[in-house]
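**Q** Chains as they are written, first to last, in this note's numbering: chain A, 146 to 613; chain B, 24 to 333; chain C, 67 to 345.
For the record, the hints were derived by calculation from the structure and aren't laboratory data. Take these hints with a grain of salt, some might be off.
[Claimed, not checked] Restricting the straight-line Cα-Cα distance to at most 27 Å, the calculated cross-link-like pairs of lysine-lysine (DSSO-like) are:
(1) Lys296(B) to Lys133(B)
(2) Lys296(B) to Lys285(C)
(3) Lys172(C) to Lys40(B)
(4) Lys392(A) to Lys296(B)
(5) Lys530(A) to Lys297(A)
(6) Lys412(A) to Lys392(A)
(7) Lys133(B) to Lys74(C)
(8) Lys542(A) to Lys530(A)
(9) Lys175(B) to Lys611(A)
(10) Lys518(A) to Lys538(A)
(11) Lys296(B) to Lys412(A)
(12) Lys566(A) to Lys296(B)
(13) Lys333(A) to Lys364(A)
(14) Lys240(B) to Lys74(C)
(15) Lys518(A) to Lys303(A)
(16) Lys434(A) to Lys463(A)
(17) Lys523(A) to Lys130(C)
(18) Lys285(C) to Lys233(B)
(19) Lys214(A) to Lys285(C)
(20) Lys130(C) to Lys224(A)
(21) Lys592(A) to Lys303(A)
(22) Lys100(B) to Lys592(A)
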Amino acid sequence: MKKKVVSGLLCAVMVASLTAGCGAKSTQTQETTKGSTTETTSKEAEAKKEEPGKEGKVINIYVWNDEFKARYEDYYASKLPAGYTVNFVTTPSENNAYQNALDEALLNQADAKADDKVDMFLVEADYILKYVNSDSTLDLKEIGITDQDMSKQYDYTKVIAQDTKGAQKGISWQGCPGLYIYRRSIAKDVLGTDDPAEVQKAINDWDSFDKTAAKMKDKGYYMVSGFDDTYRTFSNNVSSPWVNGDKVVIDPKIEKWIEQTKNYTDKGYNQKTVLWAAEWASGQGPDSKVFGYFMPAWGVDFVMAKNSLAKAEADGGKQEAGNGTFGDWAATIGPESYNWGGTWLCAAAGTDNADIVADIMKTICTDDATMKKIVEEKNDFVNNKTVMEALAKSDYKSEFLGGQNPLQMYCDAAEKIDMSKISPYDQGLNESIQTAMHDYFNGTVDKDTAMKNFYTSLKEKYPELKTE
Amino acid sequence: MVKEKKAKTRKKVSYAKWGYIFLIPFFATYSIFSLIPLINTFYNSLFENYRSGLTHIGPNFVGFQNYISIFQSDLLKYFGNTMILWVIGFVPQIIISLILAVWFADFRMKLRGSAFFKTIIYLPNVIMAASFAMLIFALFSDNGPMNNLLMKAGMSDEPIRFLATVWGTRGLIGLMNFMMWFGNTTILLMAAIMGVDASLFEAASIDGAKSLQIFTKVTMPIIRPIFVYVLITSMIGGLQMFDVPQVLTNAQGTPDRTSMTLIMFLNNHLYSKNYGMAGALSVILFIITAVLSLFVFFILTNSGDKKGGR
Amino acid sequence: MSNAEKLKKAVAYVVLSLLVFLCLFFFYCLVINATRSHPEISKGFSFIPGKSFGTNLHNVLNNKNLPVVQGIMNSLIIAGSSAILSVYVSAMTAYGIHAYEFKLRKTIYLFIILIMMIPTQVTTLGFLRLINAMNLMDNFIPLILPSMAAPVVFYFMVSYFESNLPLEIVESARIDGSNEFYTFNFIVLPIVKPALAVQGIFGFVASWNNYFVPSLVLKSNSRKTLPILIAQLRSADFLKFDMGQVYMLITIAIIPVAIIYLCLSKFIIGGVTAGSVKG
Numbered sequence: 146m147k148k149k150v151v152s153g154l155l156c157a158v159m160v161a162s163l164t165a166g167c168g169a170k171s172t173q174t175q176e177t178t179k180g181s182t183t184e185t186t187s188k189e190a191e192a193k194k195e196e197p198g199k200e201g202k203v204i205n206i207y208v209w210n211d212e213f214k215a216r217y218e219d220y221y222a223s224k225l226p227a228g229y230t231v232n233f234v235t236t237p238s239e240n241n242a243y244q245n246a247l248d249e250a251l252l253n254q255a256d257a258k259a260d261d262k263v264d265m266f267l268v269e270a271d272y273i274l275k276y277v278n279s280d281s282t283l284d285l286k287e288i289g290i291t292d293q294d295m296s297k298q299y300d301y302t303k304v305i306a307q308d309t310k311g312a313q314k315g316i317s318w319q320g321c322p323g324l325y326i327y328r329r330s331i332a333k334d335v336l337g338t339d340d341p342a343e344v345q346k347a348i349n350d351w352d353s354f355d356k357t358a359a360k361m362k363d364k365g366y367y368m369v370s371g372f373d374d375t376y377r378t379f380s381n382n383v384s385s386p387w388v389n390g391d392k393v394v395i396d397p398k399i400e401k402w403i404e405q406t407k408n409y410t411d412k413g414y415n416q417k418t419v420l421w422a423a424e425w426a427s428g429q430g431p432d433s434k435v436f437g438y439f440m441p442a443w444g445v446d447f448v449m450a451k452n453s454l455a456k457a458e459a460d461g462g463k464q465e466a467g468n469g470t471f472g473d474w475a476a477t478i479g480p481e482s483y484n485w486g487g488t489w490l491c492a493a494a495g496t497d498n499a500d501i502v503a504d505i506m507k508t509i510c511t512d513d514a515t516m517k518k519i520v521e522e523k524n525d526f527v528n529n530k531t532v533m534e535a536l537a538k539s540d541y542k543s544e545f546l547g548g549q550n551p552l553q554m555y556c557d558a559a560e561k562i563d564m565s566k567i568s569p570y571d572q573g574l575n576e577s578i579q580t581a582m583h584d585y586f587n588g589t590v591d592k593d594t595a596m597k598n599f600y601t602s603l604k605e606k607y608p609e610l611k612t613e
Numbered sequence: 024m025v026k027e028k029k030a031k032t033r034k035k036v037s038y039a040k041w042g043y044i045f046l047i048p049f050f051a052t053y054s055i056f057s058l059i060p061l062i063n064t065f066y067n068s069l070f071e072n073y074r075s076g077l078t079h080i081g082p083n084f085v086g087f088q089n090y091i092s093i094f095q096s097d098l099l100k101y102f103g104n105t106m107i108l109w110v111i112g113f114v115p116q117i118i119i120s121l122i123l124a125v126w127f128a129d130f131r132m133k134l135r136g137s138a139f140f141k142t143i144i145y146l147p148n149v150i151m152a153a154s155f156a157m158l159i160f161a162l163f164s165d166n167g168p169m170n171n172l173l174m175k176a177g178m179s180d181e182p183i184r185f186l187a188t189v190w191g192t193r194g195l196i197g198l199m200n201f202m203m204w205f206g207n208t209t210i211l212l213m214a215a216i217m218g219v220d221a222s223l224f225e226a227a228s229i230d231g232a233k234s235l236q237i238f239t240k241v242t243m244p245i246i247r248p249i250f251v252y253v254l255i256t257s258m259i260g261g262l263q264m265f266d267v268p269q270v271l272t273n274a275q276g277t278p279d280r281t282s283m284t285l286i287m288f289l290n291n292h293l294y295s296k297n298y299g300m301a302g303a304l305s306v307i308l309f310i311i312t313a314v315l316s317l318f319v320f321f322i323l324t325n326s327g328d329k330k331g332g333r
Numbered sequence: 067m068s069n070a071e072k073l074k075k076a077v078a079y080v081v082l083s084l085l086v087f088l089c090l091f092f093f094y095c096l097v098i099n100a101t102r103s104h105p106e107i108s109k110g111f112s113f114i115p116g117k118s119f120g121t122n123l124h125n126v127l128n129n130k131n132l133p134v135v136q137g138i139m140n141s142l143i144i145a146g147s148s149a150i151l152s153v154y155v156s157a158m159t160a161y162g163i164h165a166y167e168f169k170l171r172k173t174i175y176l177f178i179i180l181i182m183m184i185p186t187q188v189t190t191l192g193f194l195r196l197i198n199a200m201n202l203m204d205n206f207i208p209l210i211l212p213s214m215a216a217p218v219v220f221y222f223m224v225s226y227f228e229s230n231l232p233l234e235i236v237e238s239a240r241i242d243g244s245n246e247f248y249t250f251n252f253i254v255l256p257i258v259k260p261a262l263a264v265q266g267i268f269g270f271v272a273s274w275n276n277y278f279v280p281s282l283v284l285k286s287n288s289r290k291t292l293p294i295l296i297a298q299l300r301s302a303d304f305l306k307f308d309m310g311q312v313y314m315l316i317t318i319a320i321i322p323v324a325i326i327y328l329c330l331s332k333f334i335i336g337g338v339t340a341g342s343v344k345g
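Go ahead and model the full structure; you've got the sequences and the hints to work with.
**A** Quick look at the structure:
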């Protein structure tokens, strides 16, 4: 009897899924036939859907997560002209899926129906040049965004999005300058002071950073958490791009990172962690011996603040001084200025809704009032000098940083960032060198083997590049 | 009598076409969704054809240049990695599964709750390999519970950095493959053993045969077809190993590319849209798998196999 | 019972308990993590449940950009249909090879054994180009139909027919005037039901957990399957990145399969056994 019930259940489940499957399939078949029917019918269909002109009423924005979608909904959605819809096409960046999907769409742009065309897409610093240097992005001047509109933006955010001829192909609403965020109590214990200006003297350049690291070690602390923590401060300040013509060049700064990190690892100045790992995160919490982290504003407010708590918010803990290491931190410039993160908006060539795309960009990336609201409501560091400088001079206080106002430091750092030495291959190269060198730092392989592995993985990623 | 004769003659004359008819759906599907892509892949392997940024390079005919490049790479190393990773998981898997299957099938042992055990051991198979890898990663991380345990038990003073060592990583991959597949194998083998006429076991034990003798002389020969099935499917699975090392090592095959499997290597070329190289690698993989599997298949089924020959 | 046998039994129980502990342990870890908040998880592992179960569940189910319920439906449709199709067509193919004499029989059998070895990833490139050309991107069809040609299931079914389907049954059905399709559908299939069930659940689980090809085919949010949604959640931006939600979604993804499996396990395990004994 039992057996019968079970097999009945099996049948029911299978029948259910089968019928559901059939239903779905038949509707899909209809849809696909619609898409692939003869030209006349599809033209008719389009003509019916869109009134005069070729413009579709759907704005397609390609993204890899919801961050921009949230900004769009909070600060633009209400301004969208009636009759239009904005469609976010989200592909996770895992395994390069986002760029693959985007590339596919951009390459098919000419053949796509008006409502399927990519209108706007988002890119990150590490691969922005791949798109900026292509014909798939529009010069923002063509859609009516002027230099004047962008005059309050930080220079590096503009330079990074210019193609070889200097055309502005991308725009961002954020700036992501980074600082060195250190533990006040450890600073007092080792350096005798927690004053940011004094601490800055101890880490003003890499030589003094090394010396301080040795002092930290003597007292049982770690200068940085792991292998990747200092990487961006070096890779952002290289003297030449990763790739020259089609040849990969290892910059002295990268060499310096390898040498320094190996040295730190062998001497025990770091905890051998990898970025974002549990050990890396717990280094920001109670019972940690890590002196400091290189972090941009978002990393301080959204990563460190949460990780610092002894009693998590879910358990009724609060973000207040005394809960874990919250409030026991301070910010200082550190040895070098650098940028970490950021998202740029690009207008896709062939867009049928250029006006709306331009308006979204103008509103979110250049409008003072909107940007001020973004800072106040979302804690973003916005790409607007006027807004940020004004806030820097206000009585803004960061509880996490023990009452310090770090904004002026962020502003100063943002002015100093130089992103002119990036290449279209940065994403793959940065990833590969870090992965390959981890083995070297861990002592699994020697440096030559690590370099060999780096080149091997490059050949797989970029067949056109020449190594050595 | 007459009727039966008629039927037999009819079978010889006209039923052959039904054999073909029953094969149509399979071959129609296969031709469309596998054969055409396969031929396309073969064809592609003769061209230089990849994407650099948004520009498409090729297709330029280059003959066997892609194959030469593949053979100049560390192909053998990745093949070795793949086989090692498979063996680490498969050896314990087949041993444990055989033992469990014998136990479950042994009526004299009267194991209580065997239904419960049989159900539970299959469960790890329903977890997504990627999710499973995430969990293992957390469990065996430097500050993870495994290290806490080891340190509290005084077995180690410092955290063991499993994933920074070659054999730590390989061992964990083997462990996961073992966990995910031993239940499945046990069920298949048990089914085969239970198919054996119980009187055979009885006769053997009356004759004074020891458990081990019963196993080698009676059980093994009978369950051989299913054993071959398990071995071959597991080997295919092993050669195609991808998800577990991919997620555990974050697609890098670390450390020192010692857990980079063949399919991960292929995936690296797919990732960069290098159709030519990926195509050539696919063809090589196809040949490797075909040769290996046919070899195993014939060795194991050669004697006493009546299949297909009747 | 002799001492040796008692000892053997004791060993059996110890080994089994250990394995069961291991198996359940991973599920335990998963569920525990689903009850913990992101900062707790990122700080390290714990075996004690957290208090965020409700929050995580609420967050996952109400995530506007993550149609979880739709995802479950999509996964059910795809996995269910492909499991049924693959089992049915494979049984049909195996029956064709097993029950009929024809010229190419041996060749075809060898051919299928050979193609069984080809890794799916090998054909991915061509497959994607093909379905792009066929205008089937972002569609369930290329994820369901190809499962009809499942050489591994075919191989299992042939072996099963060999030992469990005496051709006399087919003969006598013919004498009774049954046509070939009727014989296959209503006489042969019921006999091999246990094998169908086993391969069905294996196929279902494999398809349910499949990420590689679906992630390349499915584009729009409303068509995505659970593994893709999990990947999407894992690559959320730093503001939304929440391991608690990730673990919760993984747990949710396991539940339907685990339920189906647990309901069927007696049937499957018992069925395989009963089926084999006959042969």
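**Q** Run every hint past the structure and note whether it holds.
**A** Results for each hint:
no.: 1; hint: Lys296(B) to Lys133(B); in the structure: violated (57 Å)
no.: 2; hint: Lys296(B) to Lys285(C); in the structure: holds (18 Å)
no.: 3; hint: Lys172(C) to Lys40(B); in the structure: holds (15 Å)
no.: 4; hint: Lys392(A) to Lys296(B); in the structure: holds (20 Å)
no.: 5; hint: Lys530(A) to Lys297(A); in the structure: holds (5 Å)
no.: 6; hint: Lys412(A) to Lys392(A); in the structure: violated (34 Å)
no.: 7; hint: Lys133(B) to Lys74(C); in the structure: holds (12 Å)
no.: 8; hint: Lys542(A) to Lys530(A); in the structure: holds (19 Å)
no.: 9; hint: Lys175(B) to Lys611(A); in the structure: violated (50 Å)
no.: 10; hint: Lys518(A) to Lys538(A); in the structure: holds (17 Å)
no.: 11; hint: Lys296(B) to Lys412(A); in the structure: violated (42 Å)
no.: 12; hint: Lys566(A) to Lys296(B); in the structure: holds (26 Å)
no.: 13; hint: Lys333(A) to Lys364(A); in the structure: holds (12 Å)
no.: 14; hint: Lys240(B) to Lys74(C); in the structure: holds (20 Å)
no.: 15; hint: Lys518(A) to Lys303(A); in the structure: holds (22 Å)
no.: 16; hint: Lys434(A) to Lys463(A); in the structure: holds (23 Å)
no.: 17; hint: Lys523(A) to Lys130(C); in the structure: holds (19 Å)
no.: 18; hint: Lys285(C) to Lys233(B); in the structure: violated (60 Å)
no.: 19; hint: Lys214(A) to Lys285(C); in the structure: holds (17 Å)
no.: 20; hint: Lys130(C) to Lys224(A); in the structure: holds (21 Å)
no.: 21; hint: Lys592(A) to Lys303(A); in the structure: violated (37 Å)
no.: 22; hint: Lys100(B) to Lys592(A); in the structure: holds (20 Å)
When held up to the earlier numbered hints, the structure conflicts with 1, 6, 9, 11, 18 and 21 and fits the remainder.
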